[in-house]
Amino acid sequence: MSEHCKFKRYVWELPVRCCHWVNVFAIAILAVTGFLIGTPHFGSSTSRYAMGWIRFVHFVAAYAFTISLLSRLLWSVIGNEYSGWKAFFPMLTAEGRQKSVRMLRYYLFLDHEVPETVGHNPLATTAYFALFLVYVMMVLTGFAMYATHAPGGIMFKSVGFMYSAFSLQGMRLAHHFGMWLILGFIINHIYSAWLMDIKEHGGEISSMFSGYKFTIKKGD
Amino acid sequence: MSKSKTEEPEGTVSGGCKKEDYSISELLKERGVSRRDFLKFCSTVTAAMALPATFAPKVAQALDEVKRPPLVWLEFQGCTGDSEALLRSANPTVGEIVLDILSVDYHETIMAAAGHQAEAALDKTITDYKGKYFCVIEGSIPMKDGGIYGCVGGKSHLERARQVVGGAAATIAIGNCAAYGGIAAAAPNPTGAVGVMEAVPGATVINLPGCPCNADNLTATVVHYLVFGKIPALDSHGRPLFAYGKRIHDNCERRPHFDAGQYVEQWGDDGHRKGFCLYKMGCKGPATFHNCPSQRYNEKTSWPVAAGHPCAGCAEPAFWDTMSPMYRRLPNVPGFGIEHTADVIGLGLAAGVAGGFAVHGALAAMRKDKEPGDDTKEG
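Chains as they are written, first to last, in numbering that gives the first Met the number 0: chain A, 0 to 219; chain B, 0 to 378.
A hint or two may mislead.
Only some residues are given here: those of chain A computed to face chain B with a beta carbon under 10 Å [as the list claims (entries may be wrong)]:
1. P39
2. Y48
3. A49
4. S70
5. R71
6. L73
7. G169
8. L172
9. I186
10. K198
Quick caveat, the hints were computed from the structure, so don't treat them as lab data. Values in this document were obtained by computation on a predicted structure and should not be read as measured data. Quick reminder that beta carbons are idealized off the backbone N, C-alpha and C, glycines included.
The task is simple: from the sequences and hints, build the whole structure.
Now the structure itself:
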C-alpha cells in the first residue's frame, strides 16, 4: 500500500470510552452541584429540600466518578497499549521525549508538519497524569469532608490521615480550586481534540464514540 | 499573678491544706446542696457524658464514695476566659462546687495564698501526691527563646508545665490555648506558643478546646474520671468523644434551614430575623466538632448560632488561622487581596485558559499546515 493509505485502527476499547463518558457526565454534575453547594442560590420555600437534594446528587455523582477512576486505573494494567499506564509517562523514554518536542513545536506554530499519533499524544498523556493527581486530590478532600457527618465510621477512619495533614477549611479551599483547574483542563481538552480532528483527519473526536482512528502509520 | 479572694469557697483552700477524709457528697451537704440537687446533677452530667440514663445511679454512687483527688490549676498564656466561664455563672451550680472542692490546691487567679506561700502550696501538692493529683492548664505555653515569654515565680511556663504535668495522673488542657496554642499561636506566633500536648510530649492530656471551654464538659470529664477511674475516650485531636464526637452542623437547630436552602444573606435581613441558616455568613459549624448545640453555654442558656452568630470554629486546632475570615465560607488565598475569593481566582483562571485557546484556534485556522492531502486514500 502507498504511503498515503490510511489504516482503520481500533484504539479506544469499550471500558476506556465508558470511563471517559462517565467522567464527562460526573464532572458536569459535580461542578454544577458543587458550585451550588459552595454558593447556594435558591428561593426560600420551606416545602423544598433544595440543598439536601443537591448534596445527594453531588455525593452520588462523586461515587460514580470515583468508581470510574478506579476502573480506569485497573484498565491501565489490563487494557491495550494505548490505555496502558506506560503511555502516561512518555517523558521516561527518548522516543517519547522526541515526540513531545515535535508536538510542542507544532502547538507553538514552529512546525507546519502535523505530528500524527495513533493513541494519545505524549503531551496529552503528561497532562492526563497531572489531571489524575487533581482527581485524586478532589476524591480525597471530597470524601474527607463528606465523612465528617459520621465521625468514627469506616470512611472517616480510612481518610483519617487527611484530617491530621490538613484542616477542613484548607480542604474546602483546595476542593474549590480543583474544580476550576479541571474546568481549565476541559477547555484545553476540547480545543485540542477539535484542532487535531481538523488537522489530522483521523477521526479524533468520533474515536471517543466508536473506538476507531484512521492513521497513515500502521502503528506507533 | 492575681490573688483575688472573691470566688474562694470557705474551708476548701487555706494554703493548700484541706480536710482530706470527706467524700464529695458529704462536702456538698456541708455546702448546703440537697440530696435531690446532687442527684439532678448526676443525671445531667451522665447525659453530658453521652451515657444512658441507667448510669446516673452509678455516677451518684461513685461520687458518694470517691475521695477528692487534689487538683492544681495553672494559668499560662491565656485570657482567663475558661476560669471566667466556670466561675461567673449567675448561681453556683453543683458542678461548680464539685470542681471547687476538687480543684483549688492551687489556682493562680482565685487562690488566697500569694508569693512564697502559693509556691509552697503547689510544691507540696505535686510532691505529696505525685502521680495522683490532677492538673488543669489554661493558656498556651511559649516555647521560643527557652520559654522566657511567660514566667510565674521565676519559673517559665514551659518549665512549670513539664514539672507539674509530668507528675500528674492526668492533665486537662482547658480552652483552645492550652489545647492547641489558641490565639497566641496564631500566625505569626511571636512567642512560639503551643498547647500542652506539644510542650509536654508523652503526658496524659485531655484537650477541652473551645473559646471558652464549656464548663459542663469540664465537669463531665472530671466526673468521668472519678466514676470510671480512667480518662474518657479521645479523638485524634485528644478531645473527649462524648463532647467533641459530633459535628456542630449535624446537631444544629438551624440545620433544617440549611437542607431547605434557606440562608441568611445579610446581617439583619428577613432570613436572619427568621432564624435561617448562617452558612453563607461564614458559619464554621460544618468544620467544627463540639457539643454546643446540645449542651449550650451558661447553664444551657444559649450558644452563638442560637444567638444569630455563625460558629467561629473555636474547638478546632489552629482555628484563628484556618477558620478565618470569620464571616466568609472559604479561607483567603495567600498572595491575593482579601476580596478575591477562591472562586473569583478560579473563574479568572478558566477564562484565561479559554481566551488563550481561542487565540491559538484563530491562529491555527489561518495557517496552512501540511495536512493529509487529497490523494490520501481513506479507509
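- Checking against the hints above, which ones are violated? 4, 5 and 6
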